[in-house]
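S.K.: These protein sequences, in sequence, are chains A and B.
One point on numbering: in my numbering, the residue at position 186 of the first sequence is 284, and numbering is uninterrupted.
One point on numbering: in my numbering, the residue at position 39 of the second sequence is 137, and numbering is uninterrupted.
Take these hints with a grain of salt, some might be off.
Because identical chains share one entry, a pair is satisfied inside a single copy or across any pair of copies.
Computed cross-link-like contacts, BS3-like style, restricted to lysine-lysine with a CA-CA straight-line distance of at most 25 Å [as the list claims (entries may be wrong)]:
| # | residue 1 | residue 2 |
| --- | --- | --- |
| 1 | K244 | K220 |
| 2 | K280 | K244 |
| 3 | K304 | K280 |
Read the hints as simulated data drawn from the structure, not as lab findings.
One letter stands for each residue in the lines below.
2 protein chains.
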Amino acid sequence: MTRQLSTTDRTTVRRGSAKARTERSDLHAILDAGLICHLGLLVDDSPRVLPTGYGRSGDTLYVHGSTGARSLREAAGGVEVCVTVTHLDGIVYARSLFHHSVNYRSAMIHGRARDVVDADEKWRALRVITDQLAPGSWEHARQPNKRELAATAVLAVDLAEAAVKIRTGGPSDDVEDVEADKAWAGVLPLRTQWGAPEPSADLPPKFEVPPHVTEREYPA
Amino acid sequence: MTRQLSTTDRTTVRRGSAKARTERSDLHAILDAGLICHLGLLVDDSPRVLPTGYGRSGDTLYVHGSTGARSLREAAGGVEVCVTVTHLDGIVYARSLFHHSVNYRSAMIHGRARDVVDADEKWRALRVITDQLAPGSWEHARQPNKRELAATAVLAVDLAEAAVKIRTGGPSDDVEDVEADKAWAGVLPLRTQWGAPEPSADLPPKFEVPPHVTEREYPA
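Isolated chain A, as found in the complex (with noise of 0.2 Å):
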């Protein structure tokens, strides 16, 4: 199986072509580092764009939600719809408004979604998707039952088409700007990371907070 990404009218980066990334391994290292995702799919032919938390299995992607979620139904319905997971990495200050921009990393996924009906397919995607949001839960908390499994939808799409694009490094300033000399340049990082954990109210003093939980990191 190829390495690269398919390249579609829709997937080729006509703007800022130099951030364009046709690996596959650059598209699974921007979904393995997210926590959610916007899902956008038509709504009696609106368009609307969900935020959710998904999962990753090989080259498939899951999302999960209410089998009472009307978007959800909507998409289950094999509809073609656009999953983006985006990170901002930084701000970049240009010494000209103009080329002010951002670092980050960004895959945006086209397909038709796939209502996940056998059991086990099931069962595995709603453990790759809290590996994604709690990893280590579902080893630690009560995992579903018949109940709670027929009150949960899961989505499928295909990493078959999916446009990347990755910004790093300092402006791109004009010769003219960086000879004035008058303007400030470079990044301001964004940094995201985990605060301390705050158990419950309603849990025993005893209880210390697990290893998956104090230990986790950012990104995975």
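Based on the hints, put chain B in the right spot on chain A.
M.R.: Below, chain B without anything else, positioned relative to chain A:
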């Protein structure tokens, strides 16, 4: 003018309705605390979800981009768009996987994009977009010239129809799981902050990092 958000079929939050907010001030606060939005629209009948910067002026949201960008040209034609801004505040660990959740603030705005052609409005829009992404840069850096303005497209979306959701606090576990006392429960907060400024390699060493960068707070 009412301070309540309009309620339409698609902005009536049906799932987890306890999280829905209808105060316009909540919408404004979520937008003002963000750096990027996810803009959803149809391109060639397929949904597309684009991460991009934005700014707010009163009850108008502005986004900008290159006039050469296909997606922006499509959106400028008055098509329906959905703009979502999401802040992920923490992971909610419950005793059951089913009740695992996330704390977040999200705003989902529905509307038609309007191409901003009036020169004064375009200038003001670029200013609020700059103030959102890089406050202080409007005064510090070189402002756009005619050529740069012509190469920049600005779109406006009225903040008339929006769904705002906020989840805070600990897990909502089933009584049996709390009584079983077998798993830790609580919240692992997510914190975002600015790192140390990284001056551009071609910046003269004498150039001190200006206060609008060194003193920038997160969120603004």
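S.K.: Looking back at the hints listed earlier, which ones does the structure fail to meet?
M.R.: none
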